[in-house]
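S.K.: Use the sequences and the hints to build the structure in full.
Each chain, written out:
There are 2 protein chains.
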Amino acid sequence: MREIAVIKVGGNIIDNEAKLAAFLEDFAALPGNKILVHGGGKIATETGDKLGIQSNYVNGRRITDKETLDVVTMVYGGLVNKKIVAQLQQLGCNAIGLTGADGNIISAVKRPVGAVDYGYVGDVTGVNVSLINTLADAGFTLVMAPLTHSEGVMLNTNADTIAQQTAKALAETARVQLVYCFEKKGVLMDADNEDEVINTIDKISYEELKANNIVSGGMLPKLDNAFEAIDAGVSKVIIGQAEALVELLNGNAGTQIIK
Amino acid sequence: MREIAVIKVGGNIIDNEAKLAAFLEDFAALPGNKILVHGGGKIATETGDKLGIQSNYVNGRRITDKETLDVVTMVYGGLVNKKIVAQLQQLGCNAIGLTGADGNIISAVKRPVGAVDYGYVGDVTGVNVSLINTLADAGFTLVMAPLTHSEGVMLNTNADTIAQQTAKALAETARVQLVYCFEKKGVLMDADNEDEVINTIDKISYEELKANNIVSGGMLPKLDNAFEAIDAGVSKVIIGQAEALVELLNGNAGTQIIK
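Line by line, the protein sequences give chains G and P. Residue numbers for the first sequence follow this note's numbering, so the first one is 1 and each next one is one higher. Residue numbers for the second sequence follow this note's numbering, so the first one is 1 and each next one is one higher.
Just so you know, not all the hints are guaranteed correct.
Given that identical chains are not distinguished, each listed pair holds provided it fits within a single copy or across any two copies.
Listed below are the simulated DSS-like cross-link pairs for lysine-lysine, each with C-alpha atoms no more than 30 Å apart in a straight line [to be verified]:
{"hint": "1", "residue 1": "K110", "residue 2": "K19"}
{"hint": "2", "residue 1": "K210", "residue 2": "K42"}
{"hint": "3", "residue 1": "K203", "residue 2": "K19"}
Derived by calculation from the structure, the hints in this document are not laboratory data.
M.R.: What follows is the structure, given as structure tokens:
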């Protein structure tokens, strides 16, 4: 059976040149098929600020008006994606950077306006597994920006969701590991103590952790995403620190999400 | 023998939403294999201005310092490239947008510092024809941004040159047409009279046109590029107006460059 690791990196790694370079070195050296999904870090917000465009958030999600869409298309699809691709090429990893629009690799719809109008935000409707496999078989390593498209326009899309939907779609025909890299060592029992990593979370313990307010905020959608992936047949979901990528994949670090 | 059209669009088409949409409609409807190479228009300069970054030119070429490199990577590789890809997808053309770094499709070196230090500018050293053919055979239409890479960094690269080098490399195994679309109807006998298009230019008439100052400025590198392509085996090189794309390819408009 085909094996593939889908690795999402975001947060402070993207924003820190030295950390990103070290992470990409680890990523490039990983054996086997792998896909990198990146977020945008603070660069989009900073670029928007410099261009005089205000960033607005509701429930941690950016509201994407026309001007903000241009900024995220530039920063995620251009600056961040191509910097990563150029560095991976230099490391001998034959990277190819795509948004969901390229080859229609991720199809989406513009999020319907409900209580909140999120603007130009995409909800993923499909993943082109055949294109992913064609590129993998031809020796390319896919680097995906958190952007999709619909009806001729680009759409801003959460990177965790891109990673999860990609992992789920691939899981139908492959053994898939999904790794969320972020700034902490894993899900923590005590937010102030980096060494108290919870090794495994199952659905029962997740309910307890929520009830006791041990996990909250931005960690909730990440964990919801993780459980959805496991339910859809992804073999392994791990959350942990980008600096420990190799250990995360070996099961020696981070928090593993289990059924 | 494989047939392919390499079409370069730039200038005022990229800057004008309605003109770009009309051009993409014509492009999407073209039968057969085709590649689009786009420039960046004025958006990079405008974005740089808004970000407080000065654009500097020597002999019509932008000097690309580190900050300008980030701007062109954002604008060419992100904003312009992905807008074009999303629109082509909507038109039923399965576009895939790449820079030279993606899949190492165009290899380059940073231009050596001579009388002028052009900064982060790439001189093309090779074109990955095998990847281009793989994508074409899989039904994708390549949309190339004017960016290459070397030693882990992106490099700003003239779009006319990308188009010409791609056409030349493909010409080794295919019948290639190279079309430079710009704002005028072709090379003009009289810059003030749009209807005085020179139908064909060969090397002898080119020398005369230069001696009589009928062609000058930015037209010179374009024509030099064109003659180099013809010399390298490209079947047909045409220069003309983006609005007349279909007529240009049919030989009913524009200026054709012949040996």
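S.K.: Hint by hint, note whether the structure agrees.
M.R.: Hints and how they fare:
1. K110 x K19: Cα proximity of K110 and K19: across copies only (25 Å, versus 34 Å in one copy).
2. K210 x K42: within (28 Å within a copy, 51 Å between copies)
3. K203 x K19: Neither way: K203 and K19 sit 33 Å apart in one copy and 54 Å across, limit 30 Å.
This entry does not satisfy hint 3, going by the numbered hints stated previously; all others are met.
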